[in-house]
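Engineer: In case you want the letters, here they are:
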Amino acid sequence: MVQQDKPILLDVAGLSVSFASDRGLVQAVRDVSFRVHEGEILSIVGESGSGKSVTLLSLLGLHDRKATRVEGSVSFRGKPILDLPASQMRAIRGREIGLISQDPMTALTPVYTIGWQIAEQIRAHENISARAAHRRAIELLGEVGLSNPGEAVDRYPHQLSGGMRQRAVIAMALSCNPVLLVADEPTTALDVTVQAQVIDLLLRLRKDFGSAIILITHDMGVVAEVAEQVAVMYAGRIVERGRTEEIFSAPLHPYTWGLMASIPPLTGPRLTKLRSIPGMPPTPETVPDGCGFAPRCAFARPICAERPPLQKVGGQAALCVIDDAERPALRRAALPQEELA
Amino acid sequence: MFFAILQRLGQMLFVMFGISALVFLIFFATPGSDPAARLAGRNASQETVEAIRKEFGFDRPLPVQYVVMMKRLFVTQDLTSFVNRGYRIVPAVVAAAPVTISLVAGAAILWIVGGIFVGVIAALTRDTLIDRGLMALALIGVSMPVYWLGEVMNLISQSRFHDTWMFSWVPALGYKPLMEDPVGWFKTLVIPWFTLAALYIGIYGRVLRANLVEAYQEDFIRTARAKGLSPARVMVRHALRTSLIPFVTMFGLDFGVLVGGAALLTEVVFGLNGVGRLTYQALLNLDLPMILGTVMYASFFVVVANALVDVVYVLIDPRVRGN
Amino acid sequence: MTDITEAIRVHAPAVSSRPSSGPWRRAWHILKRDRATLLAAAVFVLIILSTLAAPLYARYVSGTDPFRSNLSARIMVDGKRVKVMQASTEGLGLGVTPIGPTWGPQYLLGADTQGRDVAARLLYGGRNSLLIAASATVICLCLAALVGISAGFFGGWVDKILSRILDILWAFPVYLLAISLSIVLISQGIVIGPIEIGSDSLLLPIFIIGIIYVPYVARPLRGRVLSLKQSEFVLAARGLGIPAWRILLHDILPNVSTMLIVFVPLMMGLNIITESSLSFLSIGVQAPDASWGTIIQDGQTLLYTRPVVALAPGIAIVLTVLSLNVLGDSLRDALDPRTKLV
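First to last, the sequence lines map onto chains L, G and H.
Per our numbering: the first sequence = residues 224 to 564.
Per our numbering: the second sequence = residues 239 to 561.
Per our numbering: the third sequence = residues 5 to 346.
What the hints contain is simulated information worked out from the structure, not anything from laboratory work.
The beta carbon of each residue, even a glycine, is placed where N, CA and C say it ideally should be.
A couple of the hints might just be wrong.
What the hints assert, rightly or not - In silico contact screen, one side only, chain G against chain L (beta carbon under 10 Å); selected entries:
1. Arg298
2. Ile459
3. Arg479
Claimed, not checked - Chain L side only, calculated, beta carbon under 10 Å to chain G, not exhaustive:
4. Asp287
5. Leu305
6. Ala309
7. Ser310
8. Arg318
9. Gln340
10. Gln382
11. Gly386
12. Ala396
13. Ser398
14. Ala484
15. Ile486
16. Leu533
17. Val536
To be verified - Take a look, some chain G residues computed to stay more than 10 Å from chain H by CB distance:
18. Leu247
19. Val321
20. Gly371
21. Leu377
22. Glu389
23. Arg398
24. Phe424
25. Pro469
26. Tyr518
27. Leu522
28. Val533
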């Protein structure tokens, strides 16, 4: 798997998003950069409020233009898209980039059948007849594993279960064969058993359709299972990124250690108490100027009040002062069971 | 299904009975109120009052009076006015209804179009000067007494500016039947339509804007935008379509009440002899048979409008359709 | 977009379930900075103050009795003595027309058909309009709170009976109820046991307007109480075995009170319009007392000759109701964005 050889699909560089609030301009995303190659799965991990969703929405142009300021650059297939006129951006949205929302219960307009909604998207981008679009909707619903697509196509959202709705949402996102799928916590609102099915579905579809996927999640288990690249976000910044194997075998940032420590081990003796990161994540207004994680970090030191340096190990990078010499010992302290080996 | 319709009919009858009984009680059982004395006039002698009491049957028990009146209203349909004994109730109401329906239907079209226009434009231009201006106008519309607005309109169109090109076409106050004089019908009603609609454009525009702004926070609007739909399509097919559902309930109630006679202030100001004015005059004369007639008519429309709202609901909101 | 707003909402202080100064103080801070709200409040206070000053105006400025016919009076205008009721120059030239606006201290806005000073009557009428509307608002909200909260909180047969009654009243066109009650009560007054209320008493319109809108407030209140009863913190309190009256007092009431407060200006505006409509139909405030509605009615016959008589009280109504509605809107946004008035 040498993804780097594939062409770059999406290149986000120095993206910052701030929005107006009653207490002035608040930065929700700070200087975020990442790349997605064709056919690759990138996972963005972080707690709620870390800026993951804001990042995605603003690069899709779905933010509230009046209240939000977006800086930095985003190129899609080598073309900068942040300043595209609305009509050209619309041609990309839905056709080349598909969005899968977090909550399938609210992501579909309640008054139309799912077939109508899928056909609407197809017809917005392709000049085909209503009947052909309807047929395509049935096919798509079959692809995403609905057992009786011919019947489901005429169902209203409220007549379907959560898992079926999420499949319908995925079918809709796929309807124009997008090269990039953006999935915003696609499994959070689902039952555990259905979660696994939806993840499997995404993996299979990636194989069949060849779309790259940006998967936003806070579930490290899902990340380990599907992602090739991982970006860990905390307080509006990407604090660590790299290939999944690297991140899971040798995480660099103390926040990533905290996330790892909070995964219950599958083997070995049962832990009496799962580790958790002390404290609460900061709100966008209270993020300190230096390292955002410093107030909760067990290894914080005075220098953390300044902007942390970017440390690189191979393809992996992290924003932290802890250097290569000191890191292994601290990591052992943070991840004592050392299931990583 | 059959049971549901039956239940619905039962509910309608119950509400109509409740309303008529309530009006009946207000007039006959209010402490200190004596219908015979009221009919006899202010300085009538005791004998006259007693004679009237006997003649109109006010000495019989209340339930009997109620049943007799309802029977004459619905079964024999020969109920006559207390004030003018030769004046039959049912034909009087039937004659007044077209005036009220003409007034309310025209105003309703205006206020639906106007309300949607104001709501959509304000929601699209949220927090700009246009939005603020429209909302200020809507609030003024809501804050104006309708009869006063009617007088101002009369002052402008009948007197002060009547001789200018703008209002020289406005005919004198009154109603012209649609079948006999369609142009006259239209001309006499234009100003009343706008007057009656002003309040409702204000209410509906404000409610719709709030609903649309709320709808734009919904996930499904984000989905619609992520699908690459045009802003117009997102607004009309997704946001407006879902926001119109509560709109329908409001419209059903308002329309029913107005056709039932609540437009009486507009009718009084513009000299339109509709059901509202009929009711009002009957009330002033304490003409109980006429009052009961118009009240039954009013409650009928209210109840029917409610039932229609339920039907329309099933049509426009798949969520209330049975699975 | 949701996520951006969510991010803002995360740190917005949540409306607490316990009585505290939190939501009130926060609302105060928001209201204090809103210019439209301040302007509306200023207009409303100014209107109240000027109606309170009505006797002073009648006594020291206009020097006329606004409640007595003044058909033969003469006043000084621009150094000339003129009749209040002038020989008509318009129409057929028959009869008399009251004097128009003098824009001086006496008969500032002219006279009505009885030769009374419209400006002074406007102030006195405003007193009645505001007094009736305010008292009716208090009655309406108290009754609605009683009905809505007990129906919502106690449920069972209490709720069934109250809801049925509300259903009928809801289907009963408000205007019809108001007019029926007004005609019966105002033509004869009302006698309940030892209490006798005369037909010209202000208590009658207050009482009538106070009860007709009860269903409109009680229904949303009941809905709110029902949803509060199902909310986590009430369920938790019940789980802890806290007695019902304490839950009602500590958990339900504080949450409903913001809604009630929001209803105050909105209902008062509605009541002013209702009162004026009844008075316009001559079944509200009775002569010789005035209210804005009765003055508009007085002005109806003078509409084309002396339009000020009908215009001035109408403008007063619009200004008052508008300022109340603006206040209601801002209060709702600041205190209780969920409240909706039908």
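Engineer: For this structure, which hints from the list above don't hold up?
Structural biologist: 1, 5, 11, 14, 15, 16, 17, 21, 22, 23, 26, 27 and 28
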